[in-house]
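Residues per chain, in single letters:
2 protein chains.
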Amino acid sequence: MANIISGKELAEEIKAELKLKIDELKRKGKTPGLATILVGKSPASIIYVRNKGLACESLGIYSEQYNLDENITQEDLVSLIHKLNQEDKIDGILVQLPLPKHLDEMNILASISPDKDVDGFHFYSVGRFFCEKDYNNMKKNKLFLPATPYGIMEMLIRKNIKLEGANAVVLGRSNIVGKPIAMLLLSANATVTICHSKTQDLANICKNGDILIAAIGKPKFVKQDMVKEGVVVIDVGINRVDDKIVGDVDFDEVSKKASLITPVPGGVGPMTITMLMVNTVVSAERHLNEG
Amino acid sequence: MANIISGKELAEEIKAELKLKIDELKRKGKTPGLATILVGKSPASIIYVRNKGLACESLGIYSEQYNLDENITQEDLVSLIHKLNQEDKIDGILVQLPLPKHLDEMNILASISPDKDVDGFHFYSVGRFFCEKDYNNMKKNKLFLPATPYGIMEMLIRKNIKLEGANAVVLGRSNIVGKPIAMLLLSANATVTICHSKTQDLANICKNGDILIAAIGKPKFVKQDMVKEGVVVIDVGINRVDDKIVGDVDFDEVSKKASLITPVPGGVGPMTITMLMVNTVVSAERHLNEG
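Quick mapping for you: the protein sequence lines, in order, are chains A and B. Letter by letter, the first sequence follows residues 1 to 291 in the working numbering. Letter by letter, the second sequence follows residues 1 to 291 in the working numbering.
If you are wondering where the hints come from, they were derived from the structure by calculation, not from laboratory data. Owing to the predicted nature of the structure, the values given are computational and were not obtained by experimental measurement. Some clues are possibly wrong.
No copy is singled out in the list; a pair is fine if it fits within one copy or between any two copies.
[As the list claims (entries may be wrong)] No farther apart than 27 angstroms at their CA atoms in a straight line, the calculated lysine-lysine pairs in the DSSO-like style are these:
(1) K159 with K140
(2) K133 with K218
(3) K198 with K228
(4) K19 with K89
(5) K218 with K139
The task is simple: from the sequences and hints, build the whole structure.
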């Protein structure tokens, strides 16, 4: 039976470290600040934004929440973002996705100042981290890494998983998980294979993975016969089945062969919000240093 | 014995298509224009820049070449770029790399207006293409793709290589070849594995590749026993050995097993400059459409 990686515990560990940094920033007269923007009334988005607000509160990060009408115009939304770009007390701006169809998501994200793009979805942020070769330098250079893949990396590193030379198999190629986690694993010297719906002979490729990242949004897709004995499994899936939340991995089966595995819920989920907090604090540190 | 992919022939084919587009642009009153900036007197860089100028000339693209002293300051170089950003007759700006050590390459590339970044090295360009999911959309949306990987994609597609579901193995993870070609192959639905100096059991991974891209800068590194029968091999290496140019692939050996293979020289090389010309023309088309 595998050991379970508790995202909840690791998130608490990171938050405790973060609290020290926030206290130090405050002593220097700087309180980190995050603005979250919610457009419309999607129940899931309301919960996500609320949880981000609560995370700020528990850490002593200043936060502002903008709840905008779902019919807001592109111009009005962009002009709010431009205003927040200018405000000294705001270090991070987060627009909760997805946005209503009439809004141009790409242009709205592009209107966030790259130095406040704590979600790391701006093309500039994406290009910046893509071009950085070494994971340690990404952190040293205070890049905004996208929260979910960043959280996965911190899980692996804090659990002392050897990444250098490991075969990492990534299932999924989304812009927010699959592709960026592939690039981050590569920057930590793993050999990386990216699989997706068109991949042939998927089971055999998965079986070659020392590390398996599942991010395809298919409930219990990864079965026991698809993984290597002793594999480390990170399950990014959040699928609702019969009013229960399950991952992309068949936990009961796969946990028998894995050496380490994340549960759903309680695995990657709690890390994601925490890494957003990390990015906000990093941004505040940068803003303080740059005066 | 493998068939040889002649980059020279394919480049001529693309240039002939490009010539028609340039003629049409000129009929509409727009001549595409490229500015190249060379700092210092590196013999290799002088040749590269000259070849780019000659390619422009042969196609009827307007070009300006700036030969700057190797001691030029960051400020003077950036101010030249800012001037070129404003000039209507310039659609593309190319700074020949590498730059002398005292110049901050990252900041200089960032000073090029993203809409004239025909090399595709600006963080914005990189992030933009990273986030586009489908190779056809990259072209439809007139993105600036980095010239070498773009040239490789066009070779594969024009040779009717099935990319969807193919196992593509990329040797190398540079910002200008390895990582971007991995992303482009993925956007064409290949399953992609990225290998590098820390990869374990490289030969076995290579042997699983239906397509093998070698971009590691080690002369004749890829041997016959590392490839699958019938593999398609793209050799990006340009290594000088005993006054001869050889690739990263042992051509004599590997060509016996490959179904298709690029020679060095005459393979990827001629495609690279051609794709820069494609980007310049695409930029001119975009500038014409946007008035």
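Comparing the hints with the structure gives:
For the identical chains of this complex, K159 and K140 are intra-copy neighbours only, at 20 angstroms inside a copy versus 44 angstroms across copies, given an alpha-carbon limit of 27 angstroms. Proximity of K133 and K218 under a CA criterion of 27 angstroms is satisfied inter-copy only: 19 angstroms between copies versus 32 angstroms inside one chain copy. Within a single copy, K198 and K228 get their C-alpha atoms as close as 22 angstroms, and across copies as close as 21 angstroms, so both meet the 27 angstroms cut-off. Proximity of K19 and K89 under a CA criterion of 27 angstroms is satisfied intra-copy only: 18 angstroms inside one chain copy versus 54 angstroms between copies.
Taking the shortest Cα distances, K218 and K139 never come within 27 angstroms of each other, neither inside one copy (32 angstroms) nor across copies (30 angstroms).
When held up to the earlier numbered hints, the structure conflicts with hint 5 and nothing else.
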